[in-house]
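What follows is each chain in one-letter form.
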Amino acid sequence: MSLLSVENLHLQFDTDEGRITAVEDVSFELNEGEVLGLVGESGSGKSVTAKSLMQLNPSNAVYGPESGIHLELDSGIVEVLSLKKSQELEIVRGGAISMIFQEPMASFAPAITIGNQMVEQLLIHTSLSKKEAAELSVEMLERVGINEPAKRFFQYAFELSGGMRQRAMIAMALSTRPKVLIADEPTTALDVTIQAQVLELMKDLVKEFGMAILFITHDLGVIAQVADRVSVMYLGKIVESGPVREVLHSPVHPYTKGLLNALPKLDALDEPLTPVPGDIPSPLERPPGCVFHTRCPEVIADRCNASIPARADVGHGHAASCFAIKDMEEAA
Amino acid sequence: MSILTLVIVSFIVFSMMELVPGNCAERYIAFKNTQGQNITVEDIRAEERRLGLDKPYLIRAFSWMGDVFFKGEFGDSCILRLNINHLLSDKVWISLGISLAALFFSYLVAIPIGIYSAVSRNPIANNSVRFISYLGLALPSFLLALMIMLTTTVLFGESMSGLFSKEYRDAAWSYAKFMDFMSRAWLPVFILGWAATAFALQTVRALMLDEIGKLYVTAASARGISGRKLLWRYPAKHSLGPVINSLGFDLNRIFNDLPVVALIMTLTEMGALLIDALAFSNDQQLAGAILVVLTATIVFINFVTDIILALMDPRVRQGLMG
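Chains as they are written, first to last, in the numbering used here: chain R, 1 to 332; chain U, 1 to 322.
Calculated from the structure, these hints are not laboratory results. Yeah, the Cβ is synthetic: ideal placement off N, Cα and C, and Gly gets one too. Take the hints with a grain of salt, since some may be wrong.
Unchecked claim - To list a few chain R residues with every Cβ distance to chain U over 12 Å, as calculated:
1. Q12
2. R245
3. P275
Said to hold, decoys possible - Mimicking PhoX-like on lysine-lysine, the simulated pairs with C-alpha atoms at most 20 Å apart in a straight line are:
4. K237/U x K214/U
5. K229/U x K84/R
6. K130/R x K229/U
7. K51/R x K84/R
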């Protein structure tokens with residue numbers, strides 16, 4: 001069994017307009033030392049999926065009865081969704097799982113020093129004394145490449161640069177030695193050069209700490225750099241998944257193809273961009289059948305809008321959910 | 001900065017006192033005239049010389065401001081011919097005491113309830129908080145004062161008006177008089193605090209809701225911080241900044257309400273005196289003195305809240321220190 005496994009995750013939100021489906025039948029596994037990329041446009045449900053792993057979704061979130069999230073630790077298997085009390089939740093909140101967010105500035109409390117926030121977390125999750133926790137925090141700040149770590153420890157987030165803040169965030173997230181790190185668009189708010197540095201750092205740390213990363217982004221370029229495997233999400237469903245090279249070089253789902261085509265090509269700058277046509281439908285008007293059929297260039301009439309395509313394996317651990325693939329196979 | 005504000009305000013106050021047609025001497029003499037005395041122009045000039053009113057405007061302005069700032073001396077009232085400091089002394093403290101108590105009361109209630117109602121998902125508690133606070137915002141304080149007085153008079157046959165019982169009214173301050181004062185003062189404090197509470201409650205609630213939605217709170221709970229610690233150390237601490245910032249403003253609002261309530265409840269306090277001096281007796285010296293005292297209080301409170309803010313929030317601290 002793998003370190004983290006998500007099975008049939010269904011997630012809906014109770015709102016004034018009714019129940020909105022955010023995640024539908026999502027399953028994936030994450031192994032030790034592996035980086036899994038979760039790609040999709042905004043609103044595709046990737047952040048919500050990640051937050052489910054820590055039960056961080058707001059209280060109007062309703063998990064489907066068949067949803068299961070299992071975490072295999074040395075101490076046994078943890079059923080994440082059945083954790084209720086805040087003390088139990090500490091295991092997945094900052095203990096075995098840590099999370100870093102898109103906006104490093106906004107994810108530090110503005111009026112509490114970075115050191116205090118790091119120590120506070122360590123006191124919850126470890127048996128260290130305050131002094132030891134402070135020493136470890138400075139050590140971690142140094143490890144992620146922050147200069148003058150002892151000084152930064154006493155500083156506030158607004159006194160650091162963007163890249164430094166995200167490094168500090170990573171230091172804080174890793175200080176409790178989590179098994180899984182969730183990185184929710186960790187480099188989106190950074191300059192490209194800083195972005196490359198932070199990605200390098202994260203790759204190094206995966207090796208050093210032997211943990212797994214769930215890397216969420218809309219940027220396929222970033223995925224190509226860091227991920228081992230990738231899952232592409234659209235409207236709360238995983239439409240295609242597989243090893244990163246397989247998926248990016250030979251995508252089979254029309255949505256993945258569309259995403260890759262939408263990227264500007266450096267060797268043909270004069271070519272017009274080809275965006276995925278149409279907009280993401282409103283969550284209130286979830287399309288029946290295949291959720292992508294309203295925008296799909298390869299849509300099959302009377303089929304895609306009527307039934308949901310099953311997951312089909314195309315080899316090398318590469319799978320996608322699309323009727324068009326099956327037709328290709330049947331034709332072959 | 002605060003001191004500069006005070007100087008400017010006092011200069012403006014003095015200028016406004018001057019802009020009113022007629023000076024102190026003329027007004028006093030005119031007042032005497034209505035009492036049946038025959039007054040000549042010579043009398044007026046003599047009175048002006050006695051009061052130093054023949055000197056140029058700027059010199060008088062600075063000598064008045066000098067007296068106010070260095071000696072705390074406001075001179076004599078135009079009409080009442082009494083020393084203003086003497087006239088105001090008790091009233092200043094009573095007014096400030098009532099206003100500050102109302103302010104304290106309103107925040108004491110508003111901060112915890114506002115935070116609770118922002119966090120709580122209990123619809124009954126939430127809606128009743130909303131109902132009461134809208135009632136507080138919509139109900140003018142003088143109406144509330146009238147209603148309470150009517151109720152107490154009908155129910156207990158005794159009016160709750162006034163700040164002192166008869167036997168203490170002119171007595172010197174003592175423990176007994178103080179207790180008597182406290183036993184009656186809670187009512188105006190409550191009435192004034194009511195509207196302020198409603199207002200502060202809405203502010204605290206809105207700020208808190210705003211802060212709770214912020215990423216750093218999610219990030220903190222993603223680190224395993226939960227319960228009261230999560231609430232107070234994170235969003236509450238950060239949402240109180242603007243609340244503290246508005247203290248001076250709130251005090252001003254309470255003070256504006258005070259004269260109306262005071263009039264109904266026949267309280268002897270400074271606001272009522274100000275209206276009297278401005279609207280009826282045209283006593284500019286007295287009105288000016290009250291305005292300066294009021295401004296000084298608000299400026300002082302703003303100064304104090306700035307310091308509290310700087311202690312609480314490192315961003316403000318950096319802004320102040322450069």
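To see whether the hints hold, each was checked on the structure:
| no. | hint | verdict |
| --- | --- | --- |
| 1 | Q12 | holds, 18 Å |
| 2 | R245 | holds, 32 Å |
| 3 | P275 | holds, 29 Å |
| 4 | K237/U x K214/U | holds, 13 Å |
| 5 | K229/U x K84/R | holds, 18 Å |
| 6 | K130/R x K229/U | holds, 17 Å |
| 7 | K51/R x K84/R | holds, 15 Å |
Checked against the numbered hints above, the structure breaks none of them.
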